[in-house]
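> The primary structure of each chain is shown beneath.
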Amino acid sequence: MIKSLKSLGHELTESQKQLQLLQLTNLMPFEDKLKETNLFPLTTIPMEIFQINVGKMCNQVCKHCHVDAGPDRKEIMSRETMQDCINAIQKTNVYTVDLTGGAPEMNPDFRWFVEELSKLGKKIIVRCNLTIIQANKKYHDLPDFFKKHKIEVISSLPYFSASKTDAQRGEGVFEKSIRALKLLNEVGYGKEGSGLILNLVYNPAGAFLPASQMALEKEFKLKLKSGFDIEFNSLFAITNLPISRFLDYLVSSKNYESYMEKLVAAYNPIAATNVMCRNTISVSWDGFLYDCDFNQMLNLKVATHNSQHVKDFNFDSLSQRNIIVNQHCYGCTAGSGSSCGGSVV
Amino acid sequence: MNTYYNPDDLKKFGKISEFEPNLAKKFFDYYGEVFKEGALTEREKSLIALAVAHTIQCPYCIDAYTQDTMEKGCDEAQLMEAVHVAASIRGGATLVHGVQMMNKYKELSM
Numbered sequence: 002m003i004k005s006l007k008s009l010g011h012e013l014t015e016s017q018k019q020l021q022l023l024q025l026t027n028l029m030p031f032e033d034k035l036k037e038t039n040l041f042p043l044t045t046i047p048m049e050i051f052q053i054n055v056g057k058m059c060n061q062v063c064k065h066c067h068v069d070a071g072p073d074r075k076e077i078m079s080r081e082t083m084q085d086c087i088n089a090i091q092k093t094n095v096y097t098v099d100l101t102g103g104a105p106e107m108n109p110d111f112r113w114f115v116e117e118l119s120k121l122g123k124k125i126i127v128r129c130n131l132t133i134i135q136a137n138k139k140y141h142d143l144p145d146f147f148k149k150h151k152i153e154v155i156s157s158l159p160y161f162s163a164s165k166t167d168a169q170r171g172e173g174v175f176e177k178s179i180r181a182l183k184l185l186n187e188v189g190y191g192k193e194g195s196g197l198i199l200n201l202v203y204n205p206a207g208a209f210l211p212a213s214q215m216a217l218e219k220e221f222k223l224k225l226k227s228g229f230d231i232e233f234n235s236l237f238a239i240t241n242l243p244i245s246r247f248l249d250y251l252v253s254s255k256n257y258e259s260y261m262e263k264l265v266a267a268y269n270p271i272a273a274t275n276v277m278c279r280n281t282i283s284v285s286w287d288g289f290l291y292d293c294d295f296n297q298m299l300n301l302k303v304a305t306h307n308s309q310h311v312k313d314f315n316f317d318s319l320s321q322r323n324i325i326v327n328q329h330c331y332g333c334t335a336g337s338g339s340s341c342g343g344s345v346v
Numbered sequence: 272m273n274t275y276y277n278p279d280d281l282k283k284f285g286k287i288s289e290f291e292p293n294l295a296k297k298f299f300d301y302y303g304e305v306f307k308e309g310a311l312t313e314r315e316k317s318l319i320a321l322a323v324a325h326t327i328q329c330p331y332c333i334d335a336y337t338q339d340t341m342e343k344g345c346d347e348a349q350l351m352e353a354v355h356v357a358a359s360i361r362g363g364a365t366l367v368h369g370v371q372m373m374n375k376y377k378e379l380s381m
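The listed protein sequences derive, respectively, from chains A and B.
Position in the first sequence (from 1) plus 1 gives the number in the working numbering.
Position in the second sequence (from 1) plus 271 gives the number in the working numbering.
Hints were generated in silico from the structure; no laboratory data involved.
It cannot be assumed that every hint is accurate.
[Said to hold, decoys possible] Think about it this way: if two alpha-carbon atoms lie no more than 27 Å apart in a straight line, the pair counts; the simulated BS3-like pairs of lysine-lysine are:
{"hint": "1", "chain 1": "B", "residue 1": "K286", "chain 2": "A", "residue 2": "K219"}
{"hint": "2", "chain 1": "B", "residue 1": "K307", "chain 2": "A", "residue 2": "K224"}
{"hint": "3", "chain 1": "B", "residue 1": "K375", "chain 2": "A", "residue 2": "K263"}
{"hint": "4", "chain 1": "A", "residue 1": "K139", "chain 2": "A", "residue 2": "K92"}
{"hint": "5", "chain 1": "B", "residue 1": "K316", "chain 2": "A", "residue 2": "K165"}
{"hint": "6", "chain 1": "B", "residue 1": "K316", "chain 2": "A", "residue 2": "K222"}
{"hint": "7", "chain 1": "A", "residue 1": "K255", "chain 2": "B", "residue 2": "K282"}
{"hint": "8", "chain 1": "A", "residue 1": "K263", "chain 2": "B", "residue 2": "K296"}
{"hint": "9", "chain 1": "A", "residue 1": "K255", "chain 2": "B", "residue 2": "K286"}
{"hint": "10", "chain 1": "A", "residue 1": "K224", "chain 2": "B", "residue 2": "K316"}
{"hint": "11", "chain 1": "B", "residue 1": "K283", "chain 2": "A", "residue 2": "K263"}
{"hint": "12", "chain 1": "B", "residue 1": "K316", "chain 2": "A", "residue 2": "K226"}
[As the list claims (entries may be wrong)] A few chain B residues facing chain A, derived, Cβ under 8 Å:
{"hint": "13", "residue": "T312"}
{"hint": "14", "residue": "R314"}
{"hint": "15", "residue": "Q338"}
{"hint": "16", "residue": "M341"}
{"hint": "17", "residue": "E342"}
{"hint": "18", "residue": "K343"}
{"hint": "19", "residue": "G344"}
{"hint": "20", "residue": "D346"}
The beta-carbon is built from N, C-alpha and C at its ideal position, and this holds for glycine as well.
Required output: the full structure, derived from the provided sequences and hints.
Spelled out as structure tokens, the structure:
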């Protein structure tokens, strides 16, 4: 099994080392690229998504994980910080609460948190890695729990075959993911008319950009239905960002420079206009605030110095902040763009 | 080590316009149009390009269209099947000339 960079004592565990590496290339600084296209500074638009990373603990150790999540990671959100998040959400008019990790379900307060969030009447998204559903008996009822709270489930499935999926997410993950998708389908997820949304995420299993989201969705639907009798709603194509384990993969496979060149060459100002950080606030397991989950992993906190922790959540300041950018941002602006909800163009 | 082919030269393809801009522009405009979605999908066109790249044995094209087909969502089995299509046409083209050989053989034989 692959280990987390942290457990290996890898230097890229330190966000500062990652940022140094991102600056090493001769590529145009992202900030200058924004200036060239009259988009600097990148500013916020009305906040719609409150994304919460409830911890780095995960039952999988995916090769491309920007969180460096894994079973050895013990950093998880406390119930107190979850309560702070609820208090903060009540100060906003956000429509969506997006729970991510790690495997968010492994946080012992996950169900309590979802129940409390449910009472707020927000749309709740859980980024479920699928295999967690069968990882332990205590998770077997997750499909019913998700259904009870009308949670939108978003799950990664890099391909409709075992070889590519397992290469990225670990041996046997494809088979377990297929079984989990069937369980979600059985309670109604992904079925027309059920109102239960099951969306899949495609990440390239290597140093290349994703295909057209529409074309991929068509093919995934066809192959998953004909091969496994599985249904889902939408497919999101997401670009891998050069952070943490994917950055390590790029460097060790000698693809780093060419991948970065590819991202820069594919810069699309329309995608840059639509990046998700503009309508999102991201909270880390320990309550700090970031423009997105990627900035979170690089420890680039929001620019609002009076409101960098969820305890000090100041909706007005945060709504007027400028987005912190760096070289990794090219990943979200390449081609059709990339966000936690897939392409943005 | 110096070789006739340098992988970095692929990135300089556009620079052929330095010596003759008008024809280069016409070529690249045409190239861009050809690969747009039409009666064939972009993915199908990319797989055809990969097969042709193997037929003409162009290392630049093989690198470019291996990456492009991957970016169009193809997997290793699909890429290799495309190469086999190229191989079978090349092999078939050799073998079908066997008929010409047979015709000539028969013509010259008693």
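> If a hint holds in the structure, say so; if it does not, say that too.
Results for each hint:
1. This hinted pair does not check out: K286 (chain B) and K219 (chain A) have alpha carbons roughly 37 Å apart, beyond 27 Å.
2. Our distance criterion of 27 Å between C-alpha atoms is met by K307 (chain B) and K224 (chain A), whose separation comes to about 24 Å.
3. Of the supplied pair hints, the one linking K375 (chain B) and K263 (chain A) is violated, its CA atoms being roughly 54 Å apart against a limit of 27 Å.
4. Simply put, K139 (chain A) and K92 (chain A) have alpha-carbon atoms about 34 Å apart, too far for the 27 Å limit, and the pair is violated.
5. Simply put, K316 (chain B) and K165 (chain A) have alpha-carbon atoms about 23 Å apart, close enough for the 27 Å limit, and the pair holds.
6. Distance check on the hinted pair: K316 (chain B) and K222 (chain A) sit about 21 Å apart at the alpha-carbon level, within 27 Å; holds.
7. A C-alpha spacing of about 17 Å is found between K255 (chain A) and K282 (chain B), which places the hinted pair at or below 27 Å, so the restraint holds.
8. Distance hint between K263 (chain A) and K296 (chain B) is fulfilled; the C-alpha atoms sit about 22 Å from each other, no more than 27 Å.
9. With a CA separation close to 26 Å, the supplied pair K255 (chain A) and K286 (chain B) stays within the 27 Å bound.
10. Our distance criterion of 27 Å between C-alpha atoms is met by K224 (chain A) and K316 (chain B), whose separation comes to about 20 Å.
11. A distance of roughly 14 Å separates the Cα atoms of K283 (chain B) and K263 (chain A); the hinted pair therefore holds under the 27 Å criterion.
12. The straight-line distance between the Cα atoms of K316 (chain B) and K226 (chain A) is roughly 25 Å, inside the 27 Å bound, and the hint therefore holds.
13. With 8 Å as the threshold, the beta carbon of T312 (chain B) comes within range of chain A, its nearest partner Cβ sitting at about 7 Å, so the hint holds.
14. With its C-beta approaching chain A no nearer than about 6 Å, R314 (chain B) sits inside the 8 Å limit, and its interface hint holds.
15. Look at Q338 (chain B): its Cβ gets to within about 6 Å of chain A, closer than 8 Å, so that hint holds up.
16. Look at M341 (chain B): its Cβ gets to within about 5 Å of chain A, closer than 8 Å, so that hint holds up.
17. Restraint check, E342 (chain B) versus chain A: the minimum CB separation of about 5 Å is within 8 Å; hint holds.
18. The interface hint given for K343 (chain B) is met, as the beta carbon of that residue sits about 5 Å from the closest beta carbon of chain A, less than 8 Å.
19. For G344 (chain B), the interface hint holds, since its Cβ comes within 8 Å of a Cβ in chain A; the closest pair sits about 4 Å apart.
20. Given the 8 Å rule on beta carbons, the hint for D346 (chain B) holds: about 6 Å separates it from the nearest Cβ of chain A.
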